[in-house]
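Chemist: Please take these sequences and the hints and turn them into a complete structure.
2 protein chains.
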Amino acid sequence: MSEQPAGEGGLTLSALQRQIRRMYGAKDEARGDAATFLWLTEEFGELATALRSGTDEELALEMADVLAWLATLANIRGIDLEAAVARKYGAACPGCQAVPCICDPAEKP
Amino acid sequence: MSEQPAGEGGLTLSALQRQIRRMYGAKDEARGDAATFLWLTEEFGELATALRSGTDEELALEMADVLAWLATLANIRGIDLEAAVARKYGAACPGCQAVPCICDPAEKP
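Protein chains in written order, with our numbering: chain H, 1 to 109; chain A, 1 to 109.
Derived by calculation from the structure, the hints in this document are not laboratory data.
Each hint should be verified, as a subset may be incorrect.
Since copy identity is lost for identical chains, a pair holds within one copy or between any two.
What the hints assert, rightly or not - Quick list of in silico lysine-lysine cross-link-like pairs, PhoX-like style, CA-CA up to 25 Å:
1) K108 - K88
2) K88 - K27
3) K108 - K27
Modeler: Rendered as structure tokens:
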């Protein structure tokens, strides 16, 4: 991807959102959030199929599709995925504040 | 997050998978993929609720939960999310090979 940062060379969530916006931004704005959620849900179903009976490559690409549609939905609603996940999971388990998680297995198995 | 790369300073998908593994890896392996998909699906439902009636912050944190459970599922099945999304969406639209996408709106609205 052209948006990879220097350093580790990995794809950040922000770079993914920008890449999705470059490819699909105009269509996404026109489609809106509810119709986009339908597409995301369709991909979510395909993920279940791949999980149950797909090859590793099929499973990987269905996960990529779910991620791409989640990034699309985030773009439409102006959500920064990277900031959100860092806020909730960046330091430790949001339930017990520990790493690794020590939440009661009855609550978080 | 302690796993942020140098440079842009953003959170890569690989760093997210590592952070989730540090927090939940032992529990995740014990729970397995099918039970994990149930948790992911519960969060997916909560995302729908937040999309319909939540605040921006609630929506952002539900998106973070979906991402975290997707990373969990990827960890359990040994899928590299960053490589998968780069393979499918890294260069251009996988349908039309263009940026921005010029797929027929009947196929990709």
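Chemist: Now tell me if each hint is right for this structure.
Modeler: Going through the hints against the structure:
1. When the C-alpha separation of K108 and K88 is checked against a cutoff of 25 Å, the pair qualifies only within one copy, where the shortest distance is 16 Å, while the shortest distance between copies is 33 Å.
2. In this assembly of identical chains, the alpha carbons of K88 and K27 lie at most 25 Å apart only when taken from different copies (19 Å versus 30 Å within one copy).
3. Only between protomers do K108 and K27 lie at most 25 Å apart by alpha-carbon distance; the minimum there is 9 Å, versus 39 Å within a single protomer.
Going down the numbered hints, you'll see the structure goes against none, and every one checks out.
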